[in-house]
Amino acid sequence: MCKTMSASQGSTNTNTEPWGSFEDNNIIQGSGSAVIDMENMDDTSGSSFEDMGEMHQRMKEEEEVTAEAAAIHPERLSHMRVLIYLVSTQVWQAGKQQASKAFNLYANIDILRPYFDVEPNQVRNRLIESLIPVRMINFPQKVAGELYGPMMLVFTMVAILLHGMKTSGTVIREGTLMGTAIGTCFGYWLGVSSFIYFLAYLCNAQITMLQMLSLLGYGLFGHCMVLFITYNVHFHSLFYILWLVIGGLSTLRMVAVLISRTVGQTPRLFLCGTLAALHMLFLLYLHFAYHKMVEGILDTLEGPNIPPIQRVARDVPVVASAVVNATIKSIAAVVQSQ
Amino acid sequence: MVVCQLKRTFATMNVFNYFFAGLSDISISEDIPVEGDISMPVGSQNADNDFSTLDEPVKDTILRDLRAVGQKFVHVMYPKKSSALLRDWDLWGPLLLCVTLALMLQGGSVDSEEDGRPQFAEVFVIIWFGSVIITLNSKLLGGTISFFQSLCVLGYCILPLTVAMIVCRIVLLGGSGLVSFVVRLIVVTASFSWSTFASTAFLADSQPPNRKALVVYPVFLFYFVIGWMILTFSPSH
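Just so you know, the protein sequences line up as chains X and U, in that order.
Read in UniProt numbering, the first sequence has 315 at position 315, and its numbers run on one by one without any break.
Read in UniProt numbering, the second sequence has 184 at position 184, and its numbers run on one by one without any break.
Just chain X, with the same shape it has in the complex:
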């Protein structure tokens, strides 16, 4: 281990100052590793705030020194400028190093990295399997805990929804089209997943949050297909058939997986009934919410169902005008009599 350490330090010492700089040669740029190797830590990077304070202090001292030196020896001013430049560069780099360390610790995307570890053929297989209900419900079915497929499906659904909203001429007053589409899709995915996970917790079902997110996300594949077809081909009967067949298949798949992971008739019924209702109703809502304008056009094109124009009742205006006339006459009579 000593050999490798010295080798690595030897290879990275080529561009540092001879007196040993503040730079930690392990600044990780773009590799995304969150693990801070304690063995490669510099001494100066122990407690960040003290170091920064010390460096500030040193820089102030440098400036005082250079100011005094410049006052006494004017010809050294240019060398002092070099010094100031060097020290400020060192301070900037040390600060950048501290900031990148803090970033790697707290805003770390490596937490999510294992959930995106998929191959394209795996994603394709899972997409197809999301429409095939499993038969064996006696032992728990395997659910892949992966987030790439569900996220891509949610974004695809956002794009399809945008298209549907545009072609139906929906006008959103208090917001934007894009915001509504993103809010709907992500809200459904995250909200219903959390809700079903909570119900699964109540019903003692063996499923984790990640698996639920993944299951529901892949269940949106059927929704995407149905919406893609029916936002472009406007036939109600076609929509109902697709709703039942494709929506039903994807719901059956999710329900079967949940049944295989729950014991007891009542919990199974409760959990799966809720999920089935929410999933099917969501597809129904998405189709009809952005379909009004096209429905309106179809209705007016149908023609004979429009009710005939009603006759307006004439009594009320006649009575009103009679009363007004009588009042005016009586007032005129009173005025004339005076």
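Warning: the hint list may mix true and false statements.
Claimed, not checked - Under 7 Å between C-beta atoms, here's a sample of chain X residues computed to sit facing chain U: (1) L112; (2) F116; (3) P120; (4) F139; (5) K142; (6) A159; (7) K166; (8) T176; (9) M178.
What the hints contain is simulated information worked out from the structure, not anything from laboratory work.
We put the CB at the ideal spot given by N, CA and C, even for glycine.
Got chain X; can you put chain U on it based on the hints?
Below, chain U alone, put in the same frame as chain X:
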């Protein structure tokens, strides 16, 4: 007081250490007489050059940046596998393109009833958040490209779509019938596939070879949404 003075001396010693440290490894053999005078290395000229980018006229700075941006535009229009876009990334080009596209997509009429047309903020947010999400996705899939390099590439590859927007506006001046729709469809489809191809030429190299499709799909979706916004743009008169 004493401590301050000691610190000051230590600081000065550190400073002079830098200048003389390089001379400390010189081994002088006894045969060769040593001559000459030891003086401070004249590094002040380099320091002046480095300081002078602050002192140069603004016109020079702007022209230099514009030239860099223009060079990257050329790289996007003729995408070959070069690393110039990745090495000197900058976000001026994406900002210019994004603002141009958002302004043109707005249509210019402030109080129109059709709120379905994308507003400036919507286009801006779509482009930047879409780029951020694609970058995060490619990093999570194991990419070796850095965050800002990826933002730079995705932003610059919007250039074909901006050109398509300009062409669509010109075509729409001549009327909005079926012919103009077909022309616009062809132009937007061509530019959207050009954008996708250009950005994958830069981005996909940084991925493991069997996962290129996983990175390409979000990019395809992103440019598809922008292309669809351009295609469905209709100015109100």
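inquiry  = Tell me the numbers of any earlier hints that the structure contravenes, in ascending order.
reply    = Per hint list: 4, 5 violated.
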